[in-house]
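Heads up: the protein sequence lines correspond to chains A and B, in order. 1 is the number of the first residue of the first sequence in our numbering; add one for each residue after it. 1001 is the number of the first residue of the second sequence in our numbering; add one for each residue after it.
No wet-lab data here; the hints were simulated from the structure. One thing to keep in mind: the hints can contain errors.
[As the list claims (entries may be wrong)] Taking lysine to any residue pairs in the SDA-like style, the calculated list, with each CA pair at most 20 Å apart, reads:
1. A:Lys-131 - B:Glu-1095
2. B:Lys-1138 - B:Leu-1062
3. B:Lys-1067 - A:Glu-362
4. A:Lys-226 - A:Gly-103
5. A:Lys-131 - B:Val-1042
6. B:Lys-1138 - B:Glu-1073
7. B:Lys-1138 - B:Leu-1010
8. B:Lys-1067 - B:Gln-1031
9. A:Lys-131 - B:Ala-1100
10. A:Lys-35 - A:Gly-16
11. A:Lys-35 - A:Glu-66
12. A:Lys-131 - B:Pro-1039
13. B:Lys-1138 - B:Leu-1020
14. A:Lys-22 - A:Ile-59
15. B:Lys-1067 - B:Val-1140
16. A:Lys-22 - B:Arg-1120
17. A:Lys-13 - A:Ile-39
18. A:Lys-35 - A:Gln-11
19. A:Lys-131 - B:Lys-1138
20. B:Lys-1067 - A:Arg-360
21. A:Lys-131 - B:Arg-1120
22. A:Lys-174 - A:Asn-333
23. B:Lys-1067 - A:Ala-366
24. B:Lys-1138 - B:Ala-1027
25. B:Lys-1138 - B:Ile-1089
26. A:Lys-15 - A:Ile-59
27. A:Lys-22 - B:Gln-1031
28. A:Lys-131 - B:Pro-1116
29. A:Lys-13 - A:Glu-41
30. A:Lys-131 - B:Lys-1067
31. B:Lys-1067 - A:Gln-394
32. A:Lys-131 - B:Gly-1041
33. B:Lys-1067 - A:Gln-365
34. A:Lys-419 - A:Arg-407
35. B:Lys-1067 - A:His-359
36. B:Lys-1067 - A:Thr-363
37. A:Lys-35 - A:Gln-394
[Said to hold, decoys possible] Just a sample of chain A residues kept apart from chain B, beta carbon distances all over 12 Å, derived:
38. Gly-34
39. Gln-94
40. Arg-123
Cβ atoms here follow ideal geometry from the backbone N, Cα and C, with glycine treated the same way.
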Amino acid sequence: MEYFHSVRLEQDKCKGCTNCIKHCPTEAIRVREGKAHIIQERCIDCGECIRICPNHAKIAVGDGLETLALYRYRIALPAPAFVSQFAGRAGLEQILGSLLTVGFDDVYEVARAAEVVARTTRRFLAGYRGKRPLISQACPAVVGLIQVRFPSLVEQLLPLTTPMDLAARLAREKGRADTGLPDEAIGTFFISPCPAKITAGRQQHGGVPGPDGVIPLAAIYGDILKGLAAAPAYACRAGVAGYGWGQSGGENASIGGQRLLEVDGIHHVIEVLTRIEAGDFQDIDYIEAQACPGGCVGGALMVRNPYLARLELRQLARCLPANAGELPEPGNNLATTPVQPRPVLQLDADLAAALEKMHRLETTQALLPGLDCGSCGSPSCRTLAEDIVRGEAQDTDCVFVLRERVRVLAEEVVELARKLPPSMAKPEGGSNSENQGNSN
Amino acid sequence: MKESLPALELAIPVRARDFLAGGDGAARIRQVLQQVGFPPGVIRRVAIAAYEAEMNIVIHSLGGELKGRITPEVITIIARDAGPGIPDIDLAMREGYSTAPREIQEMGFGAGMGLPNIRRCTDELEIHSAPGAGTTIKMVIYNR
Chain A
1 MEYFHSVRLE QDKCKGCTNC IKHCPTEAIR VREGKAHIIQ ERCIDCGECI
51 RICPNHAKIA VGDGLETLAL YRYRIALPAP AFVSQFAGRA GLEQILGSLL
101 TVGFDDVYEV ARAAEVVART TRRFLAGYRG KRPLISQACP AVVGLIQVRF
151 PSLVEQLLPL TTPMDLAARL AREKGRADTG LPDEAIGTFF ISPCPAKITA
201 GRQQHGGVPG PDGVIPLAAI YGDILKGLAA APAYACRAGV AGYGWGQSGG
251 ENASIGGQRL LEVDGIHHVI EVLTRIEAGD FQDIDYIEAQ ACPGGCVGGA
301 LMVRNPYLAR LELRQLARCL PANAGELPEP GNNLATTPVQ PRPVLQLDAD
351 LAAALEKMHR LETTQALLPG LDCGSCGSPS CRTLAEDIVR GEAQDTDCVF
401 VLRERVRVLA EEVVELARKL PPSMAKPEGG SNSENQGNSN
Chain B
1001 MKESLPALEL AIPVRARDFL AGGDGAARIR QVLQQVGFPP GVIRRVAIAA
1051 YEAEMNIVIH SLGGELKGRI TPEVITIIAR DAGPGIPDID LAMREGYSTA
1101 PREIQEMGFG AGMGLPNIRR CTDELEIHSA PGAGTTIKMV IYNR
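Isolated chain B (complex conformation) (with noise of 0.2 Å):
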């Protein structure tokens, strides 16, 4: 792809378990994305986006980040974690699937939502994952 500019990277840390600061990343971004002037509908996917992978970090991983990688034609998300890793992906895309602990989905997360809305929300979605071995997963999302 063409590209006049060097496109604007960020970097943010996703600790596990910690609900405090979960949602800060997502945020940022969006902040970010607000600040450049991509048109509402485009940040509020990102938003959502963003948000439900920052929160799978937060809920199932042991940490990880999430990282933007902006030009005025595409953004792209990628949240790459150290943790269980995906067994079954198609499974996990599956509205209302979820391997959330119960004390998490008592606290009102992991209600199988995170991946089904993702893919809503994003034009390209690869989603790379294996028992033990972490999961990373690119969201693409054009400006158009």
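Isolated chain A (complex conformation) (with noise of 0.2 Å):
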């Protein structure tokens, strides 16, 4: 399957540090000839590479607002983490309006469509008997993290739509009803704090589309800024309970209940993700998984910091009602086609064949000094081990490998230096210590 990707380097900026394929969560990325190289079927987009990377070489990308002249009539869908950006400098209503100035017509909240998610797991929870802990699929990079290195748990996703393609199919229903447009002339837009969303909304789920275009928030922030001073005044339609979404616990605590479990920061969720496959965790009902820190505030492509963001978030909600009024019916939109495995690790697609290059990884990397110091351009040991067997480097690239090989060949040289042809008379004097040397 052709996978489309947001997360991108750009090659000028790249330095060729080893910052990012350390701390890539599938071992996604390698730096060789002096620049970083995503492996396209690994990367989960989660952005932990933009993140780190000191000189940002990693970048997103996503549609700009160049794109809704595509459309008649253009919607927007703010994540619930959006405003929290633009906090002190105007009131929520004022917020949501500003995206009327920059070319949308009309705003439909994603906090409005994760409270109708929220309604639907609450009452998917209650009839549940299946295999628990049920894990949140709100957060893409998550996903695929659970594809790519939890194959397993899959069948333990909770089988309902994001609330950014709900609102994306909701805003399209009520354009539809609004201005009498046939599908293909309404434009839905989701503002993302993140590349995964980005990728997330690219692709389709069993036909039943998503948002038309993802725009990251950071490729948007200046603008918002300038429209927000004579931004005219949006109503909201979510609740305090919508707009937690945006940060961790706030899916938990919309969905309500006594054993649901937040994590958040990729590497705690593989804390929690090999727990759960270690048989741990089943007497939780619920685990809300976000690869940022924070949740959606923390998500890479957002301006503020995650923890500011936070508390902005919260203080902005606090005038709205814990609930949205009347939730909409979701009907079919709900729907999603069930998530499958990429078993993109595997070492071979043949079993023997794979269990053979095993074998081969282990006394590799036995051989391998341990240091995981990247230099081969590899986050790890293991991975250069790895990297080795599939042949796409060689034992070499080890910087102690082959200073070791260089030692033993240049002890090889002064050893052959040493030797006299027969015909030749030991030089004079000073030779003791080298005919001991010889003699041992």
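Using the hints, put the two standalone chains together into the complex.
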């Protein structure tokens, strides 16, 4: 399958340092010839590399405002965390209204769709008797992580679509009712806090479309700021519960229940998923897992400090009712196709061949120094061993192995240099130590 | 059994009472199985069995090791420890029966589900143990 990725490298800015390779949760980056290379099949667009890159060479490519021109009626779908970026400069309704100043005709809050998802999730959990815990599908980076690194857990993903996709579908319906225009004239645009949602927005789920475009928040931050002062007020149609989804714990709070666990930050998510796969956490009903620290307020494409953004989000939502008044009935709009594993870490499609490669991988790893220094361009000694077995690297890519080879070679050269043809006399004097060396 | 390839052998030491490292061995076995490409269901059963056996060594024994032997057809995990041994294996197989000290039960371990969980996940299970002689658990899971 051809896989679209939002995370890209800006060649000119990359200095070939090894910061990104060491933080990638799916070991999807290598440094080759002085530049980082993303292994497309492995990337889950979590944005960790964007966050860590000291040279800002990692970027997320989404849609720009110019794509609005493709549609006659344009609806903005702001993520719940969107408003947190502009707090202090205007009130909630004005921040939402500012979207109307940059080319949108209407706004549909993803927070509102989130409340619909929460309500359905609550009902689903009440009747669920299968394997626990169920895991939220709301964060696409976590879904990608599960597909790549925890394939046995795909069956525990809650089979409901995300607030983003639901918002797009509900907004399209509303646009159709408001304007009488056909679907293809209506454009829905998610304003995204992260690269993972850009990628997710491009995927079609069983033919049911999500948003028509995804605009990175950072890309329109300036435009929104400019329009903010003169922005009309847009009446909020979601409650505290919906806006809470913008931060870690908000999804669980809006679902409600005793044994709901929230985890944020992709490396913490990995710890929890590892435990679930080992059979732990079976007394937990539901896991809200978010790749970014603090949840979407900490998204890699957000401008403000995540901890400040979390505070601002909470304060902005204070003026809202606990829940949106009347929620729309989602009908078939919550449908989603089952998530499939992405077995990209496999060494070989054939089990016996893979096992043989694993054999070589283990023996190769044992010969490497175990420093995980990254100088070879692979994130760890084990990944270098893996790359060697896959035929994509060699052992002398390791500076320590290379140094050892050079040492052995140098000793051999010295040894050879000492040898004399039988016809030549031994040099006079000072040869005592050499003679001793030779006789050993 | 006919085997075209030598089996892949893994040996991972497990330290008694090291709760911070407890589970690392099972996680490593899981990673290897995933990279080799075993079906998710098989990996999950091995992961659970290996984890429970590893935690048994951490909780009850004086230390031991986890060994894996992997062929395309069958995965064998052997957990061997030096420790007090199991006085009554039938009793230990009962759900909810536990000899874990109270301070460990308070940490959330030792709920008496370890061996029953292992039995549920394995195709063959052998336990050799005698008081004072340590415990060896052999777990076999077929890839089918």
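- request: Hints the structure violates: just list their numbers, smallest first.
  value: The structure breaks hints 9, 11, 13, 16, 19, 29, 30 and 31; every other hint is satisfied.
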